[in-house]
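Chemist: If you want the building blocks of each chain, they are given just below.
2 protein chains.
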Amino acid sequence: MILLDGKSTSNQIKEEIAVETKQLVDKGMRAPHLAAILVGSNGASLTYVNAKVKACAKAGFESTLVNLSEEISEEKLLQEIENLNTNPEIDGFIVQLPLPKHIDEQKVLMAVNPDKDVDGFHPTNVGKMALNLPTFLPATPFGILELLERYKVETSGKHVVVIGRSHIVGSPMSILMSQKRTAGNSTVTITHSRTKNLKEITLQADIIVAALGIPEFLTADMVKEGVTVIDVGITRIADDTKKNGFRLAGDVHFESVSKKSNFITPVPGGVGPMTIAMLLKNTLLAAKRRS
Amino acid sequence: MILLDGKSTSNQIKEEIAVETKQLVDKGMRAPHLAAILVGSNGASLTYVNAKVKACAKAGFESTLVNLSEEISEEKLLQEIENLNTNPEIDGFIVQLPLPKHIDEQKVLMAVNPDKDVDGFHPTNVGKMALNLPTFLPATPFGILELLERYKVETSGKHVVVIGRSHIVGSPMSILMSQKRTAGNSTVTITHSRTKNLKEITLQADIIVAALGIPEFLTADMVKEGVTVIDVGITRIADDTKKNGFRLAGDVHFESVSKKSNFITPVPGGVGPMTIAMLLKNTLLAAKRRS
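Respectively, the protein sequence lines represent chains A and B. For the first sequence, the residue numbers in this note's numbering are 1 to 291. For the second sequence, the residue numbers in this note's numbering are 1 to 291.
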């Protein structure tokens, strides 16, 4: 069993980005600049955004955190987005999700200039992704492709089973893995809550991407010997033995599944850290396009 | 075995569109207006475009055929597209493919105003489709969904196997069928030229969409009893016994596969006629949005 170590791989990628950034800045280019809009003060969102800001600093990027009140009107939020859209100092920006309920999330994502949409959530970028045209790939699927590539996991002609059909992970993963690309050319099955006999399907999989958000859902009896397992889930589970009162669980029952796996991502330290690295990669791409 | 009769179903849809169009025109709305750009005089393309023009007339639409020289420059073609983009009399338009080799097809499709892109080929519309947002669905997949719905073919929780990963049929079909929609909620497997043991997969399918472009590829030994088969292929095969010297073959060996099928589309008269009906439906939608 080989651990797909997202932590060390993402550090390596961030290091590569830092080196490239330094070279570009030495040549006179302004440093890449990522902005993040955070509405309210949700604990998890704040943690994610802070991690992104910190990663920017390490890579030699500039970053701006726009922290808005939980009570901001949709109109004012759209105005903030327009400011970033037109600000020539900002190469790319993200709107940290989820947004408060009184705001139409889709409307907000549609307002982001696709050329600055480094999360790859705007329909124009989703469409380019589906058409296999150059674009900002959504960070989590992009990170998974990168992990598979760097660990040289064979994907061509392999059967990939994706569990979950979210717009952020499951759906784009299924699209990307079926395309002609290094980590791709796979036969892909997308499964979800309506799928019958899921186990019959996962037992056929050479590669499983678990992205349904149910802790420890995928168990050893559902996978075949030699499988590659990508665990996208991350859920806090109450645990009195831990200082902070919880532990993090993925969608995969790691202890049992890992025994049958050729490759498997841990949680934490698998897909999660890759996501931030790919966000930086997209931001660097946006900056390079600018100049 | 029930024939999924695209000819009669599409006639019914066209009739419904004609009735709705008449009602709208009676209320004072200008008739929907579809334009088609045809570059050169490729026989098949001309046939398709003429069929579209004829269908417009039947539905009470106006239509404009812009027939340009095979030698037109990319720049001039883009200018023609811009004319249609800005012409308030045109609700929607299509660029008949394929285009001559000196023209960048992708660049041309990107130039079409997404609000007039009734073929649903622009990345923004492809992205909206992938995100399950309201948009112009590409006509062939849209026609297949409509056929499945009108014949009340059960799709929820069923295993759909798509053969072929083209941007026009295979890829969007696999995306749409996995979504929450009437003809949808399926477990979907997308297969293609790199897929190994295809037969093992098609034998598990409740519904097969064959869109690979190899005549009579899908044979009876590859399907299970009670399958639903959608045949998207249409190839001319030399046949001396026919007056015009050819017959039309689908991707499915109809004679043998139909014996094991619950539902199956014929070729011709299956998916083909549905495509034009859905193009009209998209054009009507564009016209209604305008007013």
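Do not take every clue at face value.
Because identical chains cannot be distinguished in the list, a pair is counted as satisfied if it fits within a single copy or across any two copies.
BS3-like mimics (lysine-lysine), calculated; alpha carbons at most 30 Å apart, straight line [to be verified]:
(1) Lys180 <-> Lys196
(2) Lys107 <-> Lys76
(3) Lys180 <-> Lys101
(4) Lys196 <-> Lys152
(5) Lys196 <-> Lys158
(6) Lys107 <-> Lys288
(7) Lys259 <-> Lys243
(8) Lys288 <-> Lys243
(9) Lys180 <-> Lys7
(10) Lys260 <-> Lys288
(11) Lys14 <-> Lys27
(12) Lys259 <-> Lys22
Simulated from the structure, these hints should not be mistaken for lab results.
Chemist: Next step is simple, just say for each hint if it's right about the structure.
Modeler: Going through the hints against the structure:
no. : hint              : in the structure
1   : Lys180 <-> Lys196 : both (29 Å within a copy, 15 Å between copies)
2   : Lys107 <-> Lys76  : within (13 Å within a copy, 35 Å between copies)
3   : Lys180 <-> Lys101 : between (39 Å within a copy, 22 Å between copies)
4   : Lys196 <-> Lys152 : between (32 Å within a copy, 20 Å between copies)
5   : Lys196 <-> Lys158 : both (22 Å within a copy, 8 Å between copies)
6   : Lys107 <-> Lys288 : both (28 Å within a copy, 22 Å between copies)
7   : Lys259 <-> Lys243 : within (29 Å within a copy, 65 Å between copies)
8   : Lys288 <-> Lys243 : neither (44 Å within a copy, 60 Å between copies)
9   : Lys180 <-> Lys7   : within (27 Å within a copy, 35 Å between copies)
10  : Lys260 <-> Lys288 : neither (43 Å within a copy, 56 Å between copies)
11  : Lys14 <-> Lys27   : within (20 Å within a copy, 62 Å between copies)
12  : Lys259 <-> Lys22  : neither (42 Å within a copy, 67 Å between copies)
Of the numbered hints stated above, those contradicted by the structure are hints 8, 10 and 12, listed in ascending order.
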